[in-house]
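S.K.: The primary structure of each chain is shown beneath.
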Amino acid sequence: GAVVSQHPSRVICKSGTSVKIECRSLDFQATTMFWYRQFPKQSLMLMATSNEGSKATYEQGVEKDKFLINHASLTLSTLTVTSAHPEDSSFYICSARDRLTGNTGELFFGEGSRLTVL
Amino acid sequence: KQEVTQIPAALSVPEGENLVLNCSFTDSAIYNLQWFRQDPGKGLTSLLLIQSSQREQTSGRLNASLDKSSGRSTLYIAASQPGDSATYLCAATGNQFYFGTGTSLTVIP
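Residue numbers (the numbering used here), protein chains in the order written: chain Y, 1 to 118; chain L, 1001 to 1109.
FYI, nobody ran anything at the bench for these hints, they're computed from the structure. A virtual CB, placed ideally from N, CA and C, is assigned to each residue, including glycine. Be aware that a few hints might be false.
Subject to a maximum C-alpha distance of 20 Å in a straight line, what follows is the list of computed SDA-like cross-link-like pairs (lysine to any residue) [what the hints assert, rightly or not]:
(1) K41/Y x S1085/L
(2) K1068/L x N1022/L
(3) K1042/L x M45/Y
(4) K66/Y x S89/Y
(5) K41/Y x V1107/L
(6) K20/Y x F91/Y
Simulated DEER-style distance windows between Cβ atoms [said to hold, decoys possible]:
(7) G102/Y x E1017/L: 34 to 44 Å
(8) T104/Y x S1070/L: 16 to 26 Å
(9) S1069/L x T104/Y: 13 to 23 Å
(10) T17/Y x S1069/L: 42 to 52 Å
(11) I1108/L x K20/Y: 36 to 46 Å
(12) T1058/L x P40/Y: 28 to 38 Å
(13) N1063/L x G61/Y: 20 to 30 Å
(14) Y1076/L x V3/Y: 23 to 33 Å
(15) K20/Y x G1016/L: 43 to 53 Å
(16) N1063/L x P40/Y: 25 to 35 Å
(17) V1013/L x K64/Y: 22 to 32 Å
(18) G53/Y x L1019/L: 36 to 46 Å
(19) A1079/L x K64/Y: 26 to 36 Å
(20) T116/Y x S1070/L: 38 to 48 Å
Part of the chain Y face toward chain L, derived, beta carbon under 8 Å [claimed, not checked]:
(21) S5
(22) Q6
(23) P8
(24) F34
(25) R37
(26) F39
(27) S43
(28) L46
(29) N51
(30) G53
(31) I93
(32) L100
(33) T104
(34) E106
(35) F109
(36) E111
Let the hints inform the model, and build the full structure from the sequences given.
M.R.: Now the structure itself:
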């Protein structure tokens, strides 16, 4: 199957700093990428839909100034957690779909990034 | 808004047993339904994808069915193994992906 690479896998930072997480589709192009957040023992919560070349679409309740998303190319989307606080500590996962498969295509996930804010 | 529910939330079975995981969704206007596996602290691995026009898909010991009219999908695992222990998630795809709550499976050696 297609590969989505997410980096870093783990990051620990001090409160008030910003953290950038990268999501890359390695062997396909993705017009759309999705960012999820997962709390322990819970399912995935969609945060935003990242669209190449345009602004991301955020889910209700997700602060767009807090979670900056950039999708500058067909293979890379980034999520920046700005001025991180301990409550932002979570597992963040990205996913992507091959642009050639459209809305009916299979969704591929990165390995996730564990963020711990001290 | 689409709501996806998975039953049971947790399941523990002895090795070798066949088992069924259930997924139900409220809006039948989906493009497809996808089953995933998640190991602790890891991302999601795609297991099976069923397009809305299909009834089932099979991969090895896994078989997934889809009944759009009733809003249900099942994942059948044959001859379970300890390595199957993980959390299984289903996702219904419309314009977005909506994930179920997951079933935590433990296969006891």
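S.K.: Tell me if the interface restraint on N51/Y is satisfied: Cβ within less than 8 Å of some Cβ in chain L.
M.R.: 12 Å, violated
S.K.: Measuring from beta carbon to beta carbon, are T116/Y and S1070/L in 38 to 48 Å?
M.R.: 43 Å, holds
S.K.: Between the alpha carbons of K66/Y and S89/Y, is the straight-line distance 20 Å or under?
M.R.: 13 Å, holds
S.K.: Falls inside 26 to 36 Å, the C-beta gap from A1079/L to K64/Y?
M.R.: 48 Å, violated
S.K.: Hint P8/Y vs chain L: min CB-CB distance below 8 Å?
M.R.: 13 Å, violated
S.K.: With a cut-off of 8 Å, does the beta carbon of F109/Y approach a beta carbon of chain L closely enough for the hint to hold?
M.R.: 4 Å, holds
S.K.: Please verify that hint: L46/Y, Cβ, nearest Cβ of chain L, below 8 Å or not.
M.R.: 6 Å, holds
S.K.: Is the hinted range of 23 to 33 Å satisfied by the C-beta distance from Y1076/L to V3/Y?
M.R.: Since Y1076/L and V3/Y have Cβ atoms about 28 Å apart, the given range 23 to 33 Å holds.
S.K.: Is the interface hint for S43/Y satisfied, with its Cβ closer than 8 Å to some Cβ of chain L?
M.R.: Since the shortest Cβ distance to chain L is 5 Å, the answer is holds.
S.K.: 42 to 52 Å was suggested as the range; check whether the CB atoms of T17/Y and S1069/L agree with it.
M.R.: Check passed, 51 Å falls within 42 to 52 Å.
S.K.: Next pair to validate is K1042/L with M45/Y; report whether the Cα-Cα distance is within 20 Å.
M.R.: At roughly 15 Å apart (the allowed maximum being 20 Å), M45/Y and K1042/L satisfy the hint.
S.K.: If you check the beta carbons of G53/Y and L1019/L, does the distance land in 36 to 46 Å?
M.R.: Check passed, 45 Å falls within 36 to 46 Å.
Hint compliance for this structure: hints 13, 17, 19, 21, 23, 25, 26, 29, 30, 32 are broken, all remaining hints hold.
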